[in-house]
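If you're matching them up, the sequences are chains A and B in order.
Per our numbering, residue 16 is the first one in the first sequence, and the count goes up by one each step.
Per our numbering, residue 99 is the first one in the second sequence, and the count goes up by one each step.
Don't read these hints as lab results, they were simulated from the structure.
From a predicted model like this one, the values you see are computed outputs, not experimental measurements.
Among the hints, erroneous ones may be present.
Below, a sample of chain B positions facing chain A; criterion: calculated Cβ distance under 8 Å [said to hold, decoys possible]: (1) Ala135; (2) Asp162; (3) Arg166; (4) Leu191; (5) His336.
With a straight-line cut-off of 25 Å between C-alpha atoms, the simulated SDA-like cross-links for lysine to any residue are [what the hints assert, rightly or not]: (6) A:Lys36 x B:Asp185; (7) B:Lys265 x A:Glu137; (8) B:Lys192 x A:Ala70; (9) A:Lys230 x A:Glu137; (10) A:Lys140 x B:Gly271.
We put the beta carbon where it would ideally sit given N, CA and C, even for glycine.
The primary structure of each chain is shown beneath.
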Amino acid sequence: MRKRPVAIVDYGMGNLRSVVKACARAGFAAESTDSPEAVRQAPGVILPGVGAFGAAMENLERAGLRDPVREAAAEALAGGRPFLGLCLGLHLLFEESEESFGGENPRGLGVFPGRVVRFKREGLKVPQIGWNTVVFRQRHPILTGLADGSYFYFVHSYYAVPADPAAVLLATEYGATFASGVARGSLVAFQFHPEKSSTTGLALLANFGCLVYGKIRTEGTEQEGERGQ
Amino acid sequence: MLAKRVIPCLDVRDGRVVKGVNFVNLKDAGDPVELAAFYDREGADEVVFLDITASHERRRTVVDLAARTAEQVFIPFTVGGGISDLDTIRDILKAGADKISLNTAAVADPSLITRAAARFGSQCVVVAIDARHVMPSSPESEAAPSWEVYVHGGRTPTGRDVLEWAKEAERRGAGEILLTSMDTDGTQGGYDLPLLRAVSEAVSIPVIASGGAGSPADLAAAITEGGADAVLAASIFHYGTYTVRQVKEYLRSQGIPVRLTS
């Protein structure tokens, strides 16, 4: 029987084709969708995104995706259906961002306590564009088989500051040390782009596929099961 | 620490890879997607496609190239060559490219940079500059060296100063400068370090060095002496003189941070 694909939330923020193709290469099927129902029913959800925080929240709202996405993330937080936030998709999980243009700071989904701030150090090139290393701050099955200190591809001007240090999965140095990965239960999110991070990024996505389709559990226990496809 | 990037460049015409020696004498060298996937496996940090197709089919072929690449290549890639409107940029990015590079059309209408950056974000707008050294009026001249912007694949002088143009591109929202020296391009005698240094100091966005790479030491010099954030090369990789890995191992031995895959 064909398994239900992972839902990649399409809310008009950046191109999703690379994420779809990278998931396929990583061994599981994922489809981009703007349907709230598909997000509610998918066995796993990926929230990607490139662009401005405020516009992203407006787009989610307008498409009727805000609640299904927030609920899916909250479910994952409690160990339910796995949820993966990427780049802007990580930012949106927090309470608010200082990425505003004059008005009030836009509010996020608020699944993780904390806020999103801009790189501020004098002389630092912003956005950070390129390959940087991550240091493991927790053990999590999403990191299975990956080496501490691996390089991933980053493109961003803002980063999240989790209020709870225990949520930090990975840390990266750029002007300051920031959270390049956050995790709790089966909710994981990365500041970098695994879909553009070559074999290391594909390995990470493959681990997400395994989380979704039951080959590995968030408790970290390996068990037999089919690989998604 | 943010790594310095090593970027193979693929010149593409009619969907096939070619390599220009001083932008003429092209040799056919294969399928661009296959070659890019090979460079991904070898540890390249990005690839750049420079499309030099001259037909009206160009737009369709570059979008098709981006779409096919996105299925096989999982590192960032840039598509450049003849791009002059926002719709084409949108289609290329939507097909899966990470960045586009603008050259001749941006010189003709600099607002293209502004509009592209406003709509798609600075991170995906690379401004490519082809520079040629301006000979001083007399050999004894003590004026600072200067360089002129060339367009149309390096054939047409514009009278514009390279440093001024680089600064304007940054001001208008370019995310990176891809700087090619027409003087050193194709010579394999090393990058134009004074040009690189001058542009790196003039702007605060990343500068990608291009033109003249002949050995790993040339790439190292572009970074340490030229101040480049990334080094682009074609011939030394395409003809197998050095692998990406060999180049990166050399850079690391020189204390330059690079991503080396195991």
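Here is how each hint holds up against the structure:
1. Ala135: violated, 11 Å
2. Asp162: violated, 13 Å
3. Arg166: Constraint on arginine 166 (chain B) not satisfied, violated at 10 Å.
4. Leu191: Nearest chain A Cβ about 6 Å off; hint holds.
5. His336: Interface hint status for histidine 336 (chain B): violated (20 Å vs cutoff 8 Å).
6. A:Lys36 x B:Asp185: holds, 23 Å
7. B:Lys265 x A:Glu137: Between lysine 265 (chain B) and glutamate 137 (chain A) the Cα gap is close to 19 Å, so the pair holds against 25 Å.
8. B:Lys192 x A:Ala70: Answer holds: lysine 192 (chain B) to alanine 70 (chain A) is near 19 Å, not above 25 Å.
9. A:Lys230 x A:Glu137: At roughly 46 Å apart (the allowed maximum being 25 Å), glutamate 137 (chain A) and lysine 230 (chain A) break the hint.
10. A:Lys140 x B:Gly271: holds, 13 Å
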